[in-house]
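S.K.: If you're matching them up, the sequences are chains F and C in order.
All residue numbers for the first sequence refer to full-length UniProt numbering, where the first residue is 1 and numbers rise by one.
All residue numbers for the second sequence refer to full-length UniProt numbering, where the first residue is 1 and numbers rise by one.
Keep in mind that a hint or two might mislead.
Between beta-carbon pairs, the in silico distance windows are [unchecked claim]:
| no. | chain 1 | residue 1 | chain 2 | residue 2 | range |
| --- | --- | --- | --- | --- | --- |
| 1 | C | W161 | F | E163 | 51 to 61 Å |
| 2 | F | C248 | C | P249 | 34 to 44 Å |
| 3 | C | R37 | F | G112 | 27 to 37 Å |
| 4 | F | T339 | C | D223 | 28 to 38 Å |
Derived coverage of chain C by chain F (criterion: at least 3 residues anywhere in the stretch with Cβ under 8 Å from a Cβ of chain F; other residues may be distant) [stated by the list, open to error]:
| no. | region |
| --- | --- |
| 5 | 110-124 |
| 6 | 147-158 |
| 7 | 217-227 |
| 8 | 257-264 |
Simulated from the structure, these hints should not be mistaken for lab results.
Think of the CB as a built atom: it goes at the ideal place given N, C-alpha and C, for glycine as much as any other residue.
2 protein chains.
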Amino acid sequence: MPESLAGARPTLEAVAARAGVSRATASRVVNGGAGVRPPLVEKVTRAVEELGYVPNHAARTLVTRRTGAVAVIIAEPEIRIFSDPFFSQQIRGISKELTAHDTQLVLLLLEGPGDYDRIARYLAGGHVDGALAFSLHTDDPIPAITRRAGIPAVYGGRPNWSEPAEHRTVPYVDADNRGGARAAVRYLEDLGRRRIAHIAGPRDQTSATDRLDGYRDVLPDADPALIAEGAFTAASGERAMAELLERCPDLDAVFAANDLMASGALRVLKERGRAVPGDVALVGFDDMDAIAEGTDPPLTTVRQDIEGQGRLMARLLLRGLDHERAGAPAPDPVITATTLVRRASA
Amino acid sequence: MPESLAGARPTLEAVAARAGVSRATASRVVNGGAGVRPPLVEKVTRAVEELGYVPNHAARTLVTRRTGAVAVIIAEPEIRIFSDPFFSQQIRGISKELTAHDTQLVLLLLEGPGDYDRIARYLAGGHVDGALAFSLHTDDPIPAITRRAGIPAVYGGRPNWSEPAEHRTVPYVDADNRGGARAAVRYLEDLGRRRIAHIAGPRDQTSATDRLDGYRDVLPDADPALIAEGAFTAASGERAMAELLERCPDLDAVFAANDLMASGALRVLKERGRAVPGDVALVGFDDMDAIAEGTDPPLTTVRQDIEGQGRLMARLLLRGLDHERAGAPAPDPVITATTLVRRASA
Numbered sequence: 001m002p003e004s005l006a007g008a009r010p011t012l013e014a015v016a017a018r019a020g021v022s023r024a025t026a027s028r029v030v031n032g033g034a035g036v037r038p039p040l041v042e043k044v045t046r047a048v049e050e051l052g053y054v055p056n057h058a059a060r061t062l063v064t065r066r067t068g069a070v071a072v073i074i075a076e077p078e079i080r081i082f083s084d085p086f087f088s089q090q091i092r093g094i095s096k097e098l099t100a101h102d103t104q105l106v107l108l109l110l111e112g113p114g115d116y117d118r119i120a121r122y123l124a125g126g127h128v129d130g131a132l133a134f135s136l137h138t139d140d141p142i143p144a145i146t147r148r149a150g151i152p153a154v155y156g157g158r159p160n161w162s163e164p165a166e167h168r169t170v171p172y173v174d175a176d177n178r179g180g181a182r183a184a185v186r187y188l189e190d191l192g193r194r195r196i197a198h199i200a201g202p203r204d205q206t207s208a209t210d211r212l213d214g215y216r217d218v219l220p221d222a223d224p225a226l227i228a229e230g231a232f233t234a235a236s237g238e239r240a241m242a243e244l245l246e247r248c249p250d251l252d253a254v255f256a257a258n259d260l261m262a263s264g265a266l267r268v269l270k271e272r273g274r275a276v277p278g279d280v281a282l283v284g285f286d287d288m289d290a291i292a293e294g295t296d297p298p299l300t301t302v303r304q305d306i307e308g309q310g311r312l313m314a315r316l317l318l319r320g321l322d323h324e325r326a327g328a329p330a331p332d333p334v335i336t337a338t339t340l341v342r343r344a345s346a
Numbered sequence: 001m002p003e004s005l006a007g008a009r010p011t012l013e014a015v016a017a018r019a020g021v022s023r024a025t026a027s028r029v030v031n032g033g034a035g036v037r038p039p040l041v042e043k044v045t046r047a048v049e050e051l052g053y054v055p056n057h058a059a060r061t062l063v064t065r066r067t068g069a070v071a072v073i074i075a076e077p078e079i080r081i082f083s084d085p086f087f088s089q090q091i092r093g094i095s096k097e098l099t100a101h102d103t104q105l106v107l108l109l110l111e112g113p114g115d116y117d118r119i120a121r122y123l124a125g126g127h128v129d130g131a132l133a134f135s136l137h138t139d140d141p142i143p144a145i146t147r148r149a150g151i152p153a154v155y156g157g158r159p160n161w162s163e164p165a166e167h168r169t170v171p172y173v174d175a176d177n178r179g180g181a182r183a184a185v186r187y188l189e190d191l192g193r194r195r196i197a198h199i200a201g202p203r204d205q206t207s208a209t210d211r212l213d214g215y216r217d218v219l220p221d222a223d224p225a226l227i228a229e230g231a232f233t234a235a236s237g238e239r240a241m242a243e244l245l246e247r248c249p250d251l252d253a254v255f256a257a258n259d260l261m262a263s264g265a266l267r268v269l270k271e272r273g274r275a276v277p278g279d280v281a282l283v284g285f286d287d288m289d290a291i292a293e294g295t296d297p298p299l300t301t302v303r304q305d306i307e308g309q310g311r312l313m314a315r316l317l318l319r320g321l322d323h324e325r326a327g328a329p330a331p332d333p334v335i336t337a338t339t340l341v342r343r344a345s346a
């Protein structure tokens with residue numbers, strides 16, 4: 001892709017002309033957009049994208065004292081990031097949004113908990129303007145790390161702590177996990193299923209506990225033997241399904257807290273000769289591109305817009321960077337809707 | 001993973017004691033290892049890893065003027081990085097090696113050629129000590145970008161330029177692509193195949209042209225109609241296979257330049273009723289974890305150690321950072337061996 005370095009660069013004047021605004025307005029938008037009316041911001045942003053305008057970094061840094069880069073941290077070992085399509089979809093949304101705002105995505109990879117000190121040093125070193133973090137676990141150190149580094153952060157999924165404490169309100173983007181789970185379990189009930197099992201995610205993540213709460217909202221008196229815990233991976237879905245069949249051979253439906261675990265459960269159900277959906281109806285969560293439509297039968301599942309959540313996280317952070325300068329408060333959490341997608345598995 | 005922030009940190013004295021060296025030697029190794037004999041470097045490195053020692057960043061920065069971070073740049077759009085397991089395997093090797101040397105992996109994602117200017121700014125901004133780049137294309141701007149940024153870089157795969165020029169010698173790690181291809185084609189010949197087709201990779205990457213050269217080494221007079229070009233993706237392997245069957249319905253073997261294209265070719269061969277290996281013997285390249293053993297029949301393929309190449313790239317760069325201070329020349333290229341792995345497809 002060598003073309004980018006050759007050829008004349010579009011100027012800020014060209015951007016202003018195309019957007020129909022003054023050079024000063026175009027400059028303000030390119031450097032963050034504070035104090036410019038949203039319709040003008042949009043016009044200039046569109047002109048920037050159409051012309052492929054690249055602001056002069058030295059000039060911009062002087063005005064904004066920014067690096068033009070945002071860190072993305074996934075609180076999972078590197079190996080899970082590349083094997084679970086959830087992460088690539090979220091990164092895709094973030095990457096598109098940051099690129100549209102000429103901001104560099106810096107993905108900080110880690111192997112294990114011992115690597116957080118190094119990440120803390122990098123964030124404190126002034127190498128990024130802000131951070132986006134997701135897949136946090138209970139009492140995750142990342143919020144404290146970003147606070148100490150003095151940079152704003154937006155989280156994917158609601159962070160949670162084992163004890164209430166101060167400074168724990170942080171901006172985040174999350175799906176309506178509890179509402180989505182309720183819809184899934186109600187749907188199984190409406191199909192006439194009476195022994196509905198749940199394969200939950202790890203209890204140290206709110207996406208898992210919220211979905212479990214949704215299951216319990218609909219079935220407050222459910223037999224505890226009908227609930228098994230997995231780790232959001234296909235292999236853990238297989239193990240949980242085998243456990244459930246052992247404990248409750250009469251189960252007639254399963255709601256799995258994500259599609260990967262549902263795909264593992266489906267394999268075990270087939271191996272044990274249980275017809276899906278005939279003997280056991282199965283519902284997942286996520287509507288993951290690479291999984292839900294590819295299983296046999298295809299998965300009925302609760303759809304959440306993962307890429308859209310990534311875009312929203314990036315947008316909130318970029319806005320937060322402007323607010324910070326304008327002295328405005330941090331943005332409120334954003335909860336995105338979920339919808340039940342009916343396919344053949346239930 | 002919150003444990004990392006609590007608990008007492010191991011000290012440099014503890015590292016020195018465990019390694020059986022002086023504190024001064026331990027310090028020198030922790031800060032880069034220049035001027036310390038390799039066996040001592042190894043002892044201290046092992047003690048650092050065993051104790052989980054984290055050097056005081058401020059102190060280390062003063063001594064070394066380093067950020068403790070290395071950029072990884074893949075010259076492909078973000079979407080291919082997460083869909084082609086080649087990249088995750090190479091990143092895995094890099095991540096392990098950098099983590100073992102307490103260096104932060106900073107993956108710079110890009111959407112397209114227009115993003116190189118932004119990457120150039122980030123690299124020139126002093127946010128990383130060096131760069132590892134792979135999947136470069138002909139006349140790729142990345143070597144010039146790292147040179148202008150004044151940071152050392154090591155490449156995965158031999159970079160190439162359309163015209164010879166100065167300053168084009170760069171350190172790289174590559175597999176013996178040509179030798180591996182020769183072994184694959186000779187093997188097909190030894191099986192008695194007489195119409196051996198080749199699905200080549202994109203001609204702007206040396207891994208593709210080297211494998212094509214290996215094919216031609218064995219079959220200098222091959223019918224040009226037996227060669228089709230793909231793009232290293234499964235879909236492009238399907239298209240190339242369909243073309244080849246159209247042009248040369250009598251072909252009895254196919255050597256595909258990677259496993260992804262071989263898996264696509266296999267699907268088309270089956271659809272058209274050609275038995276593999278009965279009617280058409282098929283050989284791939286890479287021996288990719290998630291692919292080669294999973295096809296039906298499993299793929300005979302040329303194995304290269306992708307994760308190992310990632311580790312080597314990181315090791316060369318870290319050594320280069322030391323050499324730089326010591327005034328030594330850049331390291332020579334490293335070519336790793338390939339081996340033919342025989343499975344059922346040929």
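S.K.: Hint by hint, note whether the structure agrees.
M.R.: How the hints compare with the structure:
1. C:W161 - F:E163: 51 to 61 Å: holds, 60 Å
2. F:C248 - C:P249: 34 to 44 Å: violated, 56 Å
3. C:R37 - F:G112: 27 to 37 Å: holds, 30 Å
4. F:T339 - C:D223: 28 to 38 Å: violated, 55 Å
5. 110-124: holds (count 12)
6. 147-158: n = 0 at 8 Å, threshold three: violated.
7. 217-227: Violated, because only 0 residues of the region 217-227 of chain C bring their Cβ atoms closer than 8 Å to Cβ atoms of chain F.
8. 257-264: With 0 residues closer than 8 Å to chain F, the region 257-264 of chain C misses the three-residue bar; violated.
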